[in-house]
Every structure is written in structure tokens, then in C-alpha cells.
Amino acid sequence: MASYLSTTGEEQQAMLEKLGLTSRDALFADIPVAVRLDRELALPEALSEMELITLMRELAQKNTDLDSCTCFLGAGAYDHFIPSVVGSLTSRQEFYTAYTPYQPEISQGTLQAIFEFQSMICELTGMEIANASMYDGATALAEAVAMAVSQTGRNEVLIANTVSPEHRQVVQTYAHFKNVRVREIGFQNGTIDLNELEALCGAQTAAVIVQSPNFFGVIEELSRVADLAHQQKALFIASVDPISMAILRSPGELGADIVVGDGQCLGNPISFGGPGLGFMATTKALMRKLPGRVVGQTTDHDGKRAFVLTLQTREQHIRRDKATSNICSNQALNALAATIYLTLLGKAGLKEVATLCLRKAHYLHDRLIATGKFTPAFTAPFFKEFAVIGTTAPEGLNKDLLGDGIIGGYELKKAYPEFEYGWLLAVTEKRTRQEIDQLVEKVVKHCD
Amino acid sequence: MIKQEALIFEKSVPGRKADILPTCDVPELSIDTMIPEVLLRAEEVALPEVSEIDTIRHFTALSQLNHGVDSGFYPLGSCTMKYNPKVNEAVAQYRGFTGVHPYQPEQTVQGCLEVLYQTDRMLAEITGMERVSLQPAAGAHGEMAGLMIIKAYHQHRGDTKRQKIVVPDSSHGTNPASAAVVGFDVIEVKSNQAGGVDLEALKAVMSDEIAGLMLTNPSTLGLFEKNIVEIAEIVHQAGGLLYYDGANMNAIMGKTRPGDMGFDVVHLNLHKTFSTPHGGGGPGSGPVGVKKDLVPFLPWPVVESGTNGYYLDGDRPLSIGRVKSFYGNFLVVVKAFAYIRSLGAKGLREASEMAVLNANYIRVGLCEDYELPFGKTCMHEVVFSAQKQAKAGVSALDIAKRLIDFGYHPPTIYFPLIVKEALMIEPTETESKETLDAFIAAMKQIAREAQENPEAVKSAPHDTIVGRLDEVKAVRKPVLKFSQKV
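Going down the list, the protein sequences come from chains W and C. Counting from 1, one number per residue, gives the positions in the first sequence under the UniProt record's numbering. Counting from 1, one number per residue, gives the positions in the second sequence under the UniProt record's numbering.
The set of hints was computed from the structure by calculation and includes no laboratory data. Using N, Cα and C, we set each Cβ at its ideal position, and we do this for glycine too. Honestly, I wouldn't trust all of these hints.
[Said to hold, decoys possible] Straight-line Cα separation of at most 20 Å, SDA-like style, residue types lysine to any residue; simulated pairs:
hint, chain 1, residue 1, chain 2, residue 2
1, C, Lys164, W, His176
2, C, Lys473, W, His301
3, C, Lys226, W, Asp30
4, W, Lys304, C, Val229
5, C, Lys86, W, Ser91
6, C, Lys376, W, Ser91
7, C, Lys477, W, Ala285
8, W, Lys284, C, Val472
9, W, Lys351, C, Lys291
10, C, Lys291, C, Gly72
[To be verified] Output of the computed footprint for chain C on chain W, the stretches with three or more beta carbons under 8 Å from beta carbons of chain C:
hint, region
11, 34-43
12, 76-84
13, 196-203
14, 225-232
15, 285-297
16, 319-326
17, 416-425
For reference, chain W alone in the conformation it holds in the complex:
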């Protein structure tokens, strides 16, 4: 078994003597006898490091990983390329073994990195302020809803059902317990149904929520949604793919009040869905409603620039039940990975990633349509993901593809029963032309 203790038996004895005790058990005398555990816990036998490595290898090998196959599955988690620089830097102990930067004099590294992260998120989203990150895109959206409800004093939100199903489910969970009503708005040609939105948006609406590119990969017309929301004095919340922001107009420019999104795609491995990060950005007007950690710039007593956790009167350790949220952490290491990724890729590189995704997704889309076996589910513009309709349900096809080492698209009917034959495919910069051609070839073979 492994032990990470540092004291020898003799040292322990000396320590106990100093306490006037003869055994460690005596330290636990305050535990009532009735609730003391009078046996060892029933856990599997302890393992040495060598044995543990063997076990973990075996467990890891029971999974099919994305290096041993070709992935066209997205639906909220994406197989983007992660440069070696990211892991090399995030594995520095000064970053990963530190706690929340409560003592700024010995935490400037984490604090400055978060400040840079906040700055980059503002750049990408076109917003004025951003926080230090959230658990993930779904919880960021749920917290945005809470902000809107608190700001407007209204308790109904309208959410496009083109928003990721999991994100809508999380919003629904949070909202239910706060007695906030969530109403879903349908879609037309893959984008939010503006007529339905106009009909439902009113004086009771705290916020209108749209995702772009949405779950179908389709780019929404955010400015029209913003106008409809603002006409009713509701807030407009946009959820975005940060990589798409390198080429798309930012929601900030289009009138968003709160912008959230999932940042896993920025240098974080897909990791069976976590940990990644969420981000949240907003306007100065909503600054005091923002949940989570925020880093600000200030000076030390000598006037040197320095960074510190700030605006803490919003937070639970001061406001307790009146806090803007109960969140008291961020996904700091994942946000650091995102910051390093965005730094390394930089202005030109992120645009290149976005353009590669866009072109490769369109290449696959056009080739699939050209086979005659699929029709486009929508004609609206899309980014790195798109939906097609086949001639049969896609389970059989996905099963066949898996046999050929390809993880096929998401079966749309799982979340949208109306698309029985719907297939949602994601194409990142990692997919090569050869892999895409191979997919098309296998698909044709399956359909014939």
C-alpha cells in the first residue's frame, strides 16, 4: 500500500508524549461510542504504486480513446487539437497544487493568469467584464438566468430549444428550485422561431436565451433576438462557442447583456465530459450581479502593479445567504489551459482553427449531400457542426462505423424525436481530408 505520511513511529510517539497521550485513538475521545466505527472500512485492498498503475492501465484500456479512432461526434464536447505547450505549463506544480489565490503576495501567478483570461474572454465575446470562469457552459448559463431574474425582478425566461439539451436540463434544474419558469421556443430552419419569440416575450420575461452556433451547429441571428428581448426590457443571454468568435460577430457587438459558453474546446482534453470550464461575461451595468471569482488590477504599497480577487462583497463568505451565488471556486487550471491555448494560437492562430473547422465541416457536408443519401436538415449557415437527414435511423450506420474505427455523429432523435433519421456531425481542425473521405466512403457502402 502507498503511504504519504512523513512521521516515523518514534516521532509519533514523541508527539503523543508531548500531548500527554499514549495512543492516537485517545485523540478521538469526543466521538460518542455509539457512533464510533468499530471495524476497518470495507474497501478493496490497498495497492502499491506499481499495482495501481497496472489497474489504471487496465481500466483505461477498457475505453476506446479518440487516438485509436476518428471522431465526428460533438454535441457539446469537441475533439480539438491541444498543443504540447498547454500540458507542459499546466503541469507546473506552482499552478496545480496551489489553492484559490487568497494571499495575493504569493499568488500573483494565478491572479495575473486569471486577469489575462478575463481580458481574452472580453475580447472574444465583445463584453466589458468577465469572471474567473465557471464549472462548465451549462452551469454558467444557469447562473446567467439567476442574474437576469435578480436584475429584472421577473421570474420567467425564454430559452430557444436549439440550445444544447444538457444545458437546458441544467437551467431547468436550477430554475425549478428558485420557482423560475422556463419556457422553450421552437425553431424554424434550425434557428429560433422569431414569431414565437415575439409572441411569448413580454413584461414577465427576465431573459431570452439563445445559443450560437446552436446545438445543430447553426449560426443564429443574434441582433434580431436582442432587439425583441430589449423591446420588452428583458435581458439577452447568448451562449457561444469561443472558437467561432474568431470569425463571427461577437454577441457584445450585437447587444447581448450576458454571454456564456463552454471553454473545453480551448486547450482542454475532452475527458469523458470533465473537467472543462464555463465562461461568463457581461456589461458594467451588471457587474455587481456577477457570480463567481473576479480578479482586478490594483497596486501594492509601493505603487507596483498587482492583481487581487475583488468585488468580494457579492460573495458567500461575506454575504452568506444574500450572495449573488454560492459558487466559491472556479475551474482555475482549466481556465489557465484556455489562456495558454489562446496565447499560443493568438490572433492569427485562433482564426486559422476556426477557418479550418468551417472549411472541413463544409467539405464533409457537401460530400455527404452529393452522395444523394442525405439531405440537409436546414439551409441556414453553420460553423463546425451540421445536421443531415438520412434514409434510415443512424444507429445502424454508427454501429457499422464503429467497427471501422469511426465514431459517427450524434443521433438527433435522442433529444429531438421529430428527427428520427437526423444525424449531427462535428468536424474539427483535427480531421483530415483522408479521414473525411473515408467516412463518406463507409457511409455510402453502408447505405447501398
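Starting from the known structure of chain W, fit chain C onto it as the hints suggest.
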């Protein structure tokens, strides 16, 4: 040499870049043929323009401004800054864990599901619960999920009057904040002279409107709640449920279990008790465990084991719903799983015993120099008050800052709120006797300085990259992002 580092934006040189991506191997269609111009950005995103080595140097320089557990002693009370075993980091990097899509077919993710299922089973045994959900991403998130479960349970029974949650005045700020997030009203009860829950005060607030009591045991004062059996009885008799804040679980592994004490719901912090690193503020993991009657209310999906292997059960009509995308902070769970498998039952018990011994060693070592508001055997952490020093004009904050000069991360200060000038010290089990002795010596020296040379303490820290910060300015004139003009 360690020096201040410019912002990455200030190092940007127009046109500089790291060439990383392959050339495009599909037709290079013009962007505006795929996306209408009205949807396209006019100006490029102003991200930094730097080279690969610029990136490496910048973030390496930033890392050197941090103090981590590997840098030195980190006795931050309530945070359990124990050593983070390297093997756990290594195994969590296996591609079979990092390179798995959450929507892959179940037969291709059996290893991931096995880790989740087995961790659920082991944490259930450690806490005395029936099942554990690993979906919550952090302690506060686990609290929220646990309180949702309590609310859903009462509502399902038609007991809709129960809209209030009781918390002691010594509780973590997240307790009342989480209760508010779930739509509960919060009632605070005072602690008694011994730092425990005042039973009479508790009885007085009990009614058919109480949904439950949230309790940390050992408490935030580092004391085991001796009356836990009576407390559980009082709450249960009034129809309420007991919620265990697992922040201090590191004191009791293998010694007693929340489930045996009478708790119905528990959250754990894998990033405290189960050795996963804090990452500078996250990712953590805050599993929520429940007794049998509450299992149907757990977040969905739940991992189950069947004849064809492990599977995700999403058919849970009474579930509170989903609280996070996918299945939680999976890689953090992998590390905790590896930790529990490495230590086993005896190893976990010994970890708790040594955590408690180390804290008591500091208690006895410093009790003559610092006031001990509750002068008895503590558990895994000890809470002093700097009131003696405050009389000489030296605050808990000053002492904390002075400790930095000795190479230590300061303890938690000004918490719990019911102790004036609180210094909350949690050494953890992984520290050696000589580390504790050196820390005690430093604290003694600071106590002397407080009397003889208070300025030396009040002007600390002396050797850090920046001195004490103007936090008021940060709030009054918030600068929250880089801007060319500033």
C-alpha cells in the same frame, strides 16, 4: 531571479505567431461563401501575438510567483492542503481517460463507467451512505445538489411547508448561500460555550417548517460535535433531514461515518480529503451521497451495473435533474479513485489519525503564545485567536502576512466568524514533525515580535514580489481586463 512579469498583451508583437496548425487540405472556400457577411466579425480578435517560447517564458515566470503545496507548508484551515500524489496525476493523463467523448457508445467507455461506479461504492462505504453521485463539480455545487434532494424529498411527500434550513453561526458561508440558491430561507443558530450546537437553541427553532439542518462535523472550530446523536434526534423528530458538510471529512475517515451519526445527505470535497490538487481554485469535485430513501432523488444519470456491464441510468423520474453537463469532473474522480485504491481502509484511517495528531501537536505547541478560545482536543485543525497580539496592535492578518516571510502559506484567517482574530491552522497528515516544529518556532517568534517589534509584523511580507495590496482601490475603481489605454 524572480521578477514581475508584464501582461501577455504587452508582449505582443504584430505579426508574430507560433506555427502549429497543418495547411488546409480541403477546398479553401472563401468564408463569406459559407457564412453571410452580416454574421461575420469586421475586426480581428485582439489576442496576443507571441511565439512559442514567449508563451513558455511568460507562463513559467507567472508560475514562479505562486506558492504551491510542493513549494512548502500550506496550513490553510478548512482547505486540507495535503500532498497531491504524483502517480494520481500520471494515471489521470492516460489517453483512455482524457481522450474519451462523453457520448461514445457505452460499450466503448466501460473503464470510465467502472471508475465512476466503484468510486460511488467506496465513498458510500466511507461515509455510511447508500449511493453517491459524482456529478457536482465542487463542494458548493454538491451542497446545492444535496439541498435540492432534501427539498425534492419533502415535496414528494407532500410536505411543502418545509422551506427553512438551519445552519450554525460557525458554518461555512457556502451553507447559507447554497440554501438560498435552492430557494430555502436560512435560520442561524448560535453555538454554545463549548463551540458546539446549542441544543436548546436548536430545539427552539424546530418546527414543521424546517427542511433540515446543515452541519460540519468536526465543526469549523475543529471540534467534534459530541452531541451529534442528540442533534440528529432533535432534527429527525421534527421531521427534518440532516445535511453533512464534508469539508472536514479528513478528520474522521475510518473512525466514524456521517451515516452512522445520523446524517441523511453528505457532500465530500475530493480536492480536500481525497488528495486531488486544487489547481489554483479548481477543478474540484463535490460528490453528494444519500441514505436509501433519498436515492431516487439523486441527479441523473446514475451509473449502474448490469449483466452487460456498466450503464448510465437516465430513467429516474424523481431525480432533481441534471446539475452539470455530462458526469462531473471525471478526471478529478479518477485521481480520487486512485488515492483510495492506494491507501485502502487502513491507510485512510491512518491519514485521519495523523491529520488529527499533527493539528493537536500544533495546538499544544502554540497554546501558550496564542489564545485558544476552545482549549480542548481538536480534530484535524486548530483555531487560535490573535486577540492577545491584537492588544499590541498586531492583527491576525499581520501574523498571516509575516508567516509568508518564513516560507509558509498563511492559515485561514477571520474564519469562523464567531472567533475574533481567528487563525485556523490545518497542517494535514502528510507533513513531518520537523515541518511542524519549524512552523511552531516561526509562530512563536512572531508572537514575540508582536510584543517587542510590532512594526516588523505589520509591515510584512518583506520578501515577496509585491507587498500588501490596495484592495480598496481594486473595488472602488475596478480594472478587470487589459486595455491599451490603462
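Going down the list of hints, with the structure as the test:
Distance restraint check for C:Lys164 and W:His176: the Cα-Cα separation of roughly 17 Å lies within the 20 Å cut-off, and the hinted pair is therefore satisfied. With a C-alpha separation of about 11 Å, the suggested pair C:Lys473 and W:His301 falls inside the 20 Å cut-off, and the hint holds. Only pairs whose Cα atoms come within 20 Å are accepted, and C:Lys226 paired with W:Asp30 is accepted, the gap being roughly 6 Å. Taking the CA atoms of W:Lys304 and C:Val229, the gap is near 54 Å; set against the 20 Å cutoff, the hint is violated.
A C-alpha spacing of about 11 Å is found between C:Lys86 and W:Ser91, which places the hinted pair at or below 20 Å, so the restraint holds. For the hint linking C:Lys376 to W:Ser91, the alpha-carbon distance of about 41 Å lies beyond 20 Å, and the restraint is violated. Between C:Lys477 and W:Ala285 the CA atoms are separated by roughly 14 Å; this keeps the pair inside 20 Å, and the hint holds. Simply put, W:Lys284 and C:Val472 have alpha-carbon atoms about 18 Å apart, close enough for the 20 Å limit, and the pair holds.
A C-alpha spacing of about 51 Å is found between W:Lys351 and C:Lys291, which places the hinted pair above 20 Å, so the restraint is violated. Taking the CA atoms of C:Lys291 and C:Gly72, the gap is near 39 Å; set against the 20 Å cutoff, the hint is violated. A stretch counts as covered by a chain when three or more of its residues have a beta carbon under 8 Å from one of that chain; for the region 34-43 of chain W and chain C the count is 8, and the coverage holds. Using a Cβ-Cβ cut-off of 8 Å, 5 residues of the region 76-84 of chain W lie near chain C, which meets the minimum of three, so the contact claim holds.
Counting residues of the region 196-203 of chain W whose CB lies closer than 8 Å to any CB of chain C gives 0, so the stated coverage by that chain is violated, three being the minimum. Counting residues of the region 225-232 of chain W whose C-beta sits closer than 8 Å to any C-beta of chain C gives 0, which falls short of three, so the coverage hint is violated. Using a Cβ-Cβ cut-off of 8 Å, 6 residues of the region 285-297 of chain W lie near chain C, which meets the minimum of three, so the contact claim holds. Against chain C, the region 319-326 of chain W contributes 7 residues with a C-beta closer than 8 Å to a partner C-beta. That satisfies the three-residue criterion, and the hint holds.
For the region 416-425 of chain W, the assignment as covered by chain C is violated, since 0 residues bring a beta-carbon within under 8 Å of that chain's beta-carbons and 3 are needed.
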